[in-house]
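Trainee: Construct the complete structure from the given sequences, taking the supplied hints into account.
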Amino acid sequence: MIDILYLPILSIIFEKDNFKMSCFKIMYLLGIIDFMITYVNSILTGWLAMKGAVYCTHPNIIYISGMVVCALWCSSCMTALLLVANRLLGMTKPSLAVKLFEGRKTYIALTFPILYFIYFLFTAPLVFNSKYLAWFYTPMIFDDGATEYFNHSHTINNFLIVTLTCVVYTPFRWVIGSNLKNVKNANASQLQNTKTQVFLQSTLICAANQVCAVIYVVMNVTEVPNWLIMFAHFTWEFIHGAPVFIYLALNRMIRERFLEKMHWMKGGALRETTSMMPIKKSVSTPVVIIN
Numbered sequence: 009m010i011d012i013l014y015l016p017i018l019s020i021i022f023e024k025d026n027f028k029m030s031c032f033k034i035m036y037l038l039g040i041i042d043f044m045i046t047y048v049n050s051i052l053t054g055w056l057a058m059k060g061a062v063y064c065t066h067p068n069i070i071y072i073s074g075m076v077v078c079a080l081w082c083s084s085c086m087t088a089l090l091l092v093a094n095r096l097l098g099m100t101k102p103s104l105a106v107k108l109f110e111g112r113k114t115y116i117a118l119t120f121p122i123l124y125f126i127y128f129l130f131t132a133p134l135v136f137n138s139k140y141l142a143w144f145y146t147p148m149i150f151d152d153g154a155t156e157y158f159n160h161s162h163t164i165n166n167f168l169i170v171t172l173t174c175v176v177y178t179p180f181r182w183v184i185g186s187n188l189k190n191v192k193n194a195n196a197s198q199l200q201n202t203k204t205q206v207f208l209q210s211t212l213i214c215a216a217n218q219v220c221a222v223i224y225v226v227m228n229v230t231e232v233p234n235w236l237i238m239f240a241h242f243t244w245e246f247i248h249g250a251p252v253f254i255y256l257a258l259n260r261m262i263r264e265r266f267l268e269k270m271h272w273m274k275g276g277a278l279r280e281t282t283s284m285m286p287i288k289k290s291v292s293t294p295v296v297i298i299n
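Just so it is clear: in the sequence shown, position 174 is 182 by my numbering, and no numbers are missing.
It should be emphasised that the hints constitute simulated quantities derived from the structure, not laboratory data. Warning: the hint list may mix true and false statements.
Unchecked claim - Just the calculated beta-carbon pair ranges, DEER-fashion:
1) L236 <-> N68: 27 to 33 Å
2) P179 <-> N68: 42 to 48 Å
3) W182 <-> T65: 23 to 29 Å
4) I254 <-> A57: 35 to 41 Å
5) F167 <-> F253: 26 to 32 Å
6) P67 <-> W182: 47 to 53 Å
7) E110 <-> Y71: 27 to 33 Å
Claimed, not checked - Think about it this way: if two alpha-carbon atoms lie no more than 25 Å apart in a straight line, the pair counts; the simulated BS3-like pairs of lysine-lysine are:
8) K113 <-> K101
9) K28 <-> K107
10) K28 <-> K113
11) K59 <-> K113
Cβ atoms here follow ideal geometry from the backbone N, Cα and C, with glycine treated the same way.
Mentor: Set out below in structure tokens:
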């Protein structure tokens with residue numbers, strides 16, 4: 009369901025008027041990554057679970073998909089960090105944001121998560137095990153082989169990049185709140201509602217990222233309860249599925265264009281974005297548009 013909903017959303021993000029904005033270029037790459045990860049950690053994982061699969065029974069598909077999904081996860085962490093940095097600079101240092109992201113410069117910035125993805129393709133892959141319904145570093149062929157397959161790069165990514173993203177989200181929430189105070193023609197309830205949405209959205213995503221990243225490392229170095237392993241996998245699915253519902257619930261432009269594409273809405277409604285302003289060649293205080 010999430011992947012089906014993602015297709016029209018990606019097409020909306022890719023529309024000419026939207027895609028010329030740097031944040032939408034980053035969101036598009038992040039959306040493609042989410043789409044591909046959801047296919048592996050939900051659809052393929054479900055099929056493997058029903059088959060009772062372990063590495064020895066399906067070595068090729070588990071190895072290849074585990075290699076790709078590990079690289080995609082790490083690339084998504086880097087892309088999310090890039091998106092937060094883009095929005096934060098766009099609101100606090102617009103002149104610097106122009107220098108870094110204006111026009112085709114965004115594509116240069118996007119080479120970092122792509123190179124990050126390529127690097128992780130050559131590290132130890134994740135391996136599915138139907139006994140625990142999750143992906144691990146080790147194929148569990150040998151009782152004492154956990155350290156042999158341990159992916160140190162993935163561990164560093166989970167603690168460093170994910171933590172850094174959560175740290176950057178803190179000033180991002182503060183900047184959003186500060187900018188909302190400068191918005192005219194908006195009553196107090198509108199401002200409070202928007203600030204609450206931004207806070208809940210960022211906090212929820214950060215919490216899910218951090219919990220999933222930490223548990224996935226811990227469960228590869230020590231024994232943990234099965235319910236905790238399944239909870240970690242659920243949060244991993246949530247991380248890449250939640251953006252679909254966040255876009256539809258909190259982004260008015262995407263929601264209205266989505267309904268138009270589904271033929272549930274006709275006519276040209278005024279399309280605006282919430283907290284997704286284009287970066288302009290101006291040093292004036294950026295304003296968040298309230299829908």
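Trainee: Is it true that E110 and Y71 lie within 27 to 33 Å of each other by Cβ?
Mentor: violated, 41 Å
Trainee: Cβ-Cβ distance between F167 and F253: within 26 to 32 Å?
Mentor: holds, 28 Å
Trainee: Regarding L236 and N68, is the given constraint of 27 to 33 Å on their beta-carbon distance met?
Mentor: 30 Å Cβ-Cβ, so the 27 to 33 Å window holds.
Trainee: Taken at face value, is the distance from the CA of K107 to the CA of K28 at most 25 Å?
Mentor: holds, 15 Å
Trainee: Taking the beta carbons of I254 and A57, is their distance inside 35 to 41 Å?
Mentor: violated, 27 Å
Trainee: Taking the beta carbons of P179 and N68, is their distance inside 42 to 48 Å?
Mentor: holds, 45 Å
Trainee: Are the Cα atoms of K59 and K113 separated by 25 Å or less?
Mentor: violated, 46 Å
Trainee: Range first: 47 to 53 Å. Now tell me if the beta carbons of P67 and W182 are that far apart.
Mentor: With a Cβ separation near 49 Å, P67 and W182 satisfy 47 to 53 Å, so the hint holds.
Trainee: Quick one, are K28 and K113 close enough, alpha carbons at most 25 Å?
Mentor: Status holds; Cα separation ~11 Å.
Trainee: K113 and K101 were given as a pair; does the straight-line alpha-carbon distance stay at or below 25 Å?
Mentor: holds, 16 Å
Trainee: Starting from the range 23 to 29 Å, see whether the pair W182 and T65 falls in it by beta-carbon distance.
Mentor: Violated: the Cβ-Cβ distance is about 51 Å, outside 23 to 29 Å.
Of the numbered hints stated above, those contradicted by the structure are hints 3, 4, 7, 11, listed in ascending order.
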